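Trainee: With the hints as extra help, turn the sequences into a complete structure.
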Amino acid sequence: MIRLIHANKTYTKGVRAVKDLSLKISDGEFVFIAGRSGSGKSTVIKLLTGEVKPTDGLVEVNGTVMNKIKRRELPQYRRHLGVVFQDFRLLNDRNVFENVAFAQRVIGVPAEKIKENVAKILQLTGLSAKYRCMPEELSGGEQQRVAIARALVNRPDIILADEPTGNLDEKNTEDIMRLLTRINEMGTTVVVITHNRNLLTTMGKRVIHMEKGSIVGDYPTGLRGGTEL
Amino acid sequence: MSTFLYCIKQGFKNFAQKPLFTIASVATASLSIFLFCAFLAIVTNLTGMIHKAENSVGITVFFAEDAEEAEKTTIRQKIIDHGGVDAVRYISADEAWESFKKEYFGDAEEELSKAFEDDNPLAKSDSLEVFPASVDVQEELVAYIRSLPGVREVNYLSEFVASMKKVNRAVYVVSLVITGVLFAVTVFLISNTISVAAAFRRRENEIMRMIGATDLMIRAPFVVEGTLIGILGTVIPLIAVRLIYHRAETYLAESLQASSGFLKDIVVLIPLSEIFPQMALAGLLMGVGTGMVVSFITIGRHLRV
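Going line by line, the protein sequences match chains A and B. Residue 102 in the numbering used here sits at position 102 of the first sequence; the count goes up by one each step and never skips. Residue 281 in the numbering used here sits at position 281 of the second sequence; the count goes up by one each step and never skips.
Heads up, some of the hints might be wrong.
[Unchecked claim] Straight-line Cα separation of at most 20 Å, EDC-like style, residue types lysine to aspartate or glutamate; simulated pairs:
hint, chain 1, residue 1, chain 2, residue 2
1, B, Lys13, A, Glu112
2, A, Lys46, B, Glu204
3, B, Lys78, B, Glu139
4, B, Lys124, B, Asp94
5, A, Lys46, A, Glu73
6, A, Lys70, B, Glu206
7, B, Lys124, B, Glu98
8, B, Lys9, A, Glu98
9, A, Lys68, B, Asp215
10, A, Lys53, B, Asp215
11, A, Lys24, A, Glu137
12, B, Lys13, A, Asp93
13, B, Lys165, B, Asp136
14, B, Lys72, B, Glu129
15, B, Lys9, A, Asp93
16, B, Lys18, A, Asp93
17, A, Lys46, B, Glu206
18, B, Lys9, A, Glu112
19, B, Lys52, B, Asp86
20, A, Lys46, B, Asp81
21, A, Lys24, A, Glu174
22, A, Lys53, B, Glu206
23, A, Lys171, A, Glu137
24, A, Lys70, B, Glu139
25, B, Lys166, B, Glu129
26, B, Lys52, B, Asp136
[As the list claims (entries may be wrong)] Partial chain B-side listing against chain A, Cβ under 10 Å, derived:
hint, residue
27, Thr214
28, Asp215
29, Leu285
For the record, the hints were derived by calculation from the structure and aren't laboratory data. Remember, predicted model here, so these are calculated numbers, not experimental data. Beta carbons: idealized from backbone N, C-alpha and C, even for Gly.
Mentor: Pasting the structure below:
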């Protein structure tokens with residue numbers, strides 16, 4: 001479960017990115033966090049990954065209080081998260097298999113187990129046939145699927161996706177959302193940051209609307225047609 | 001592939017990724033270690049030679065020309081009784097002449113012997129050779145012997161030893177300064193190389209952090225790279241120093257074989273088999289240690305949570 005209670009984040013230059021934010025995301029939920037640029041969406045993700053600490057208030061993820069987490073505890077904590085970025089962040093000198101396997105190598109999974117796990121994830125993400133391809137040989141949608149496969153391979157409890165469809169066309173956006181929905185149906189909590197209005201209205205998933213660091217709306221079954229963002 | 005092997009492999013990859021930076025680092029480290037070893041060899045050998053000179057060459061005491069045998073015996077006894085003396089040896093005029101002939105005329109000794117058959121030019125040069133128990137008492141002992149009646153002249157190697165000590169000190173200071181400067185350049189270049197490697201791997205490091213890699217895991221490839229620079233930067237100069245030292249050893253032995261005198265006994269290099277292990281250990285500690293520590297610290301500055 002993700003819990004933020006009266007959480008605030010002020011950066012050193014005095015910018016208040018998150019103001020008095022209270023939010024609860026249950027296990028197995030699929031949630032969109034939407035809002036304009038500068039609304040504090042990405043800071044929420046950073047608070048959840050431990051990249052930044054809240055200035056005050058409480059941020060808790062699956063029982064880990066992020067306010068108190070120590071630097072040396074972060075790696076272990078992050079192994080229960082899968083993070084997906086808008087720009088994919090793939091290693092361009094490695095093929096699809098190696099990009100996904102990389103996530104397992106750094107946490108010390110044995111080679112045989114890596115082969116098995118990566119093969120399963122590539123099948124789930126529809127990339128089995130492309131395991132030898134280099135990132136540059138893939139479309140944007142395929143690259144994002146590789147990034148999702150990498151985020152998934154360590155079986156995280158939560159997937160945090162920061163604008164995962166921001167660089168994709170409509171068709172690829174649909175594919176990625178279908179994949180994330182499938183992952184969510186398998187029991188993983190999915191938090192997606194987006195400002196793609198179409199997704200917010202058609203997916204029927206919970207939407208948390210942020211403005212200037214605060215929540216201005218929480219729509220359990222998605223945004224209605226007329227609601228402004 | 002285990003995480004450990006993965007880190008090693010990435011370290012080698014880093015190493016090969018930017019050849020110019022790597023070559024510059026290895027070359028500077030090599031030069032630094034080479035000079036360090038060379039100076040170490042020079043200082044160690046000079047110290048050894050000074051020690052040998054101080055201990056093996058005694059104080060020569062010449063008697064007054066009119067000194068009687070009884071007086072010479074008294075002088076000898078007084079020196080022994082004074083203390084701080086290891087041994088006192090009487091060298092007769094004949095012995096002195098024999099030794100002089102061998103030392104200075106070598107092959108021409110026989111002809112010379114004929115020329116001076118019944119006339120020893122060193123007839124009045126019988127002497128005592130006094131070996132001090134320690135170098136520290138030498139000055140005081142010389143002063144005491146000089147004060148004894150019946151003593152014409154006292155010779156010892158004070159000036160020679162003092163000059164050698166001065167040279168040794170100068171070499172020591174110069175070597176310290178040059179090695180220090182080169183060491184600083186080496187640290188800078190290794191640090192720079194690791195910073196470049198960190199820039200190359202920035203994206204990979206970010207992903208590693210997000211996936212849950214520990215700092216140690218992120219640092220490892222860079223430390224491997226720094227260690228490789230250190231190993232190469234040490235092994236290359238050690239091979240060079242070994243070859244050069246061996247040549248110098250042979251050259252000195254050959255050159256001094258023909259000569260005679262005390263230099264032959266004193267100017268002897270410490271055997272390579274004796275000095276090289278120390279040199280290699282010091283070089284490896286300096287080179288590999290620097291590579292490891294500098295890379296570890298440098299990459300620490302690039303790590304961000």
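Trainee: Now tell me, hint by hint, if it's right for this structure.
Mentor: Right, here's what the structure says about each hint:
{"no.": "1", "hint": "B:Lys13 / A:Glu112", "result": "violated, 23 Å"}
{"no.": "2", "hint": "A:Lys46 / B:Glu204", "result": "holds, 18 Å"}
{"no.": "3", "hint": "B:Lys78 / B:Glu139", "result": "holds, 17 Å"}
{"no.": "4", "hint": "B:Lys124 / B:Asp94", "result": "holds, 10 Å"}
{"no.": "5", "hint": "A:Lys46 / A:Glu73", "result": "holds, 16 Å"}
{"no.": "6", "hint": "A:Lys70 / B:Glu206", "result": "holds, 18 Å"}
{"no.": "7", "hint": "B:Lys124 / B:Glu98", "result": "holds, 14 Å"}
{"no.": "8", "hint": "B:Lys9 / A:Glu98", "result": "holds, 14 Å"}
{"no.": "9", "hint": "A:Lys68 / B:Asp215", "result": "holds, 19 Å"}
{"no.": "10", "hint": "A:Lys53 / B:Asp215", "result": "holds, 19 Å"}
{"no.": "11", "hint": "A:Lys24 / A:Glu137", "result": "violated, 40 Å"}
{"no.": "12", "hint": "B:Lys13 / A:Asp93", "result": "holds, 12 Å"}
{"no.": "13", "hint": "B:Lys165 / B:Asp136", "result": "holds, 14 Å"}
{"no.": "14", "hint": "B:Lys72 / B:Glu129", "result": "holds, 13 Å"}
{"no.": "15", "hint": "B:Lys9 / A:Asp93", "result": "holds, 14 Å"}
{"no.": "16", "hint": "B:Lys18 / A:Asp93", "result": "holds, 15 Å"}
{"no.": "17", "hint": "A:Lys46 / B:Glu206", "result": "holds, 13 Å"}
{"no.": "18", "hint": "B:Lys9 / A:Glu112", "result": "holds, 18 Å"}
{"no.": "19", "hint": "B:Lys52 / B:Asp86", "result": "holds, 15 Å"}
{"no.": "20", "hint": "A:Lys46 / B:Asp81", "result": "violated, 88 Å"}
{"no.": "21", "hint": "A:Lys24 / A:Glu174", "result": "violated, 27 Å"}
{"no.": "22", "hint": "A:Lys53 / B:Glu206", "result": "holds, 18 Å"}
{"no.": "23", "hint": "A:Lys171 / A:Glu137", "result": "holds, 18 Å"}
{"no.": "24", "hint": "A:Lys70 / B:Glu139", "result": "violated, 67 Å"}
{"no.": "25", "hint": "B:Lys166 / B:Glu129", "result": "violated, 26 Å"}
{"no.": "26", "hint": "B:Lys52 / B:Asp136", "result": "holds, 14 Å"}
{"no.": "27", "hint": "Thr214", "result": "holds, 5 Å"}
{"no.": "28", "hint": "Asp215", "result": "holds, 8 Å"}
{"no.": "29", "hint": "Leu285", "result": "violated, 30 Å"}
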